[in-house]
Amino acid sequence: MKLHCPNCGSRSVEEFRHGEIPQVPDHLTDVARRDLDRVWNRPNPQGLTVEAWFHEQGCRRWFRHERETS
Amino acid sequence: MNEQVEEEITLRWGGEPRPSYDVVIIGGGGHGLATAYYLATRHGITNVVVVERNWIGSGNSGRNTTIIRSNYGIPASVRFYQRSVELYAGLEAETGRSLMHRRKGLLWIHHSETGIRAERARAHLNQALGVETEFVGPEEIRAIVPEIDLSGGGRFPVMGASHHLPAATARHDRVVWAYAEGAAARGVDILQHTEVTGIRTSGGSGRGDGRVTGVETSQGFIAAGTVLSATAGHTTTITDLVGLRMPIRTHQLQALVTNQYGGTFQPIVASAELAFYVSQTARGQMLMGAEWERQPSYSYRSGSEFLRSCTAKAITLLPFLSGLRVLRQWTGVCDISPDSSPIMGLTPVDGFLVTTGWGTWGFKGIPAGGEALAELIASGRTPALIAPFGLDRFARDRILADAGSAGTQ
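First to last, the sequence lines map onto chains C and Z.
For the first sequence, the residue numbers in the working numbering are 1 to 70.
For the second sequence, the residue numbers in the working numbering are 71 to 479.
Hints are computed from structural coordinates only; laboratory data are not their basis.
For glycine and all other residues, C-beta sits at the position ideal for the given N, C-alpha and C.
Heads up, a few of these hints could be off.
[Stated by the list, open to error] Only part of the chain Z face toward chain C is listed, based on derived beta-carbon distances under 10 Å:
1. Gly273
2. Arg277
3. Thr306
4. Arg319
5. Arg364
6. Pro366
7. Leu377
8. Ser379
9. Thr381
10. Ala382
11. Ile385
12. Arg468
13. Ala473
[What the hints assert, rightly or not] To give an idea of the chain Z side of the interface with chain C (calculated C-beta under 10 Å), a few residues:
14. Glu286
15. Ser288
16. Gln289
17. Phe291
18. Thr307
19. Pro317
20. Ile318
21. Thr386
22. Leu388
All chains should be modelled from the sequences, with the hints used to inform the complete structure.
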């Protein structure tokens, strides 16, 4: 699998570190529950998803990337 | 292995579902079917239906590398998996089916001083809890596995290992079939090719609260007061139906088998630092796996990266493997929990239970997980064995961090 880094171009996925963008749902209003959700829970989407990737063995910059998870 | 198939298994498939059951179990894999089996055999609860989207054992129960062991690094896990090891050892006698269960022993090899310290601690903890895990040095390892390269290709010297004697393997399909047959014979309905499309609740906002009243399936609505989600890889697909947020992400895990190795390779060999493990199947093939993919995915596609990295690790430790050929590789999708421990038990939705977070270590937990969940469903009380593994442990700040014992980091 290859990923497209906006700075370095197409590189092997092994060069990158996968990151997450926490998405706490709006209906959670209690601060403690929001914090708890942010720490542990994840959307785990099936389909096209936008996520953060870090080009650890390249330009060492974070970028957003759209990926198919299904 | 045909001589071991004494007779065809007799599975009484459910046809049309009844309009209501006491318990609906979502997922016809090992954990779901074991729970149904123990509900029927230990508690006499047979008004139960298992709904499976594909065919039984088609998910991770048919894709794993069949290893059974209890050499974990925290007491709650050691106790739980040791119960599973014991139940597996007696399962052939209990079900009357050959499960090709073999006690093999497992060598968990380390290549650094840090690793050796962790492994000594594991052996001590296991012994304190009555589990036979001994620390062994390089020469003892060579006596058990003469094929090993103790220099680890010059890069990963074998410095020691814990030898976990009760480690075993069993034929995964047969475990699934034995539980399915035992449950079905006692009146449990098993519906294959039946997908759950919705879960009805009452008295809540639909955001992980209220009380469960039944499940919508491709064969219509089934009413039930108790619903257990026992899927693997797709737990959040199910929990999304009740609006329950979960600390679970879906990751791919790959494995491969080679053609037949003429010799006998007795133990299971694993290296935590290389993130690699290997055992020999009953057919003589060498079965191996490595770490799970870091980015979440539900895809069953296999990749060349795994093939390259896994075989390189294999040859580093066991050079004879270079003479074999890869027969096939495959992928399973795993529910990975943040602390690498399973999540079993009640949820904030009344009557809705989960058994998930089985990640890459689900097969070994099937009997104990099924037995404990059946007791929970029957009695309404969480058995002490699985009390630490509740979903509420994250809110209570009582996580069970044990990634070092998962084998596949």
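Self-check item: Hint check, failures only
Solution: Hints 1, 7, 9, 10, 11, 12, 13, 14, 15, 16, 17, 21 and 22 contradicted; others consistent.
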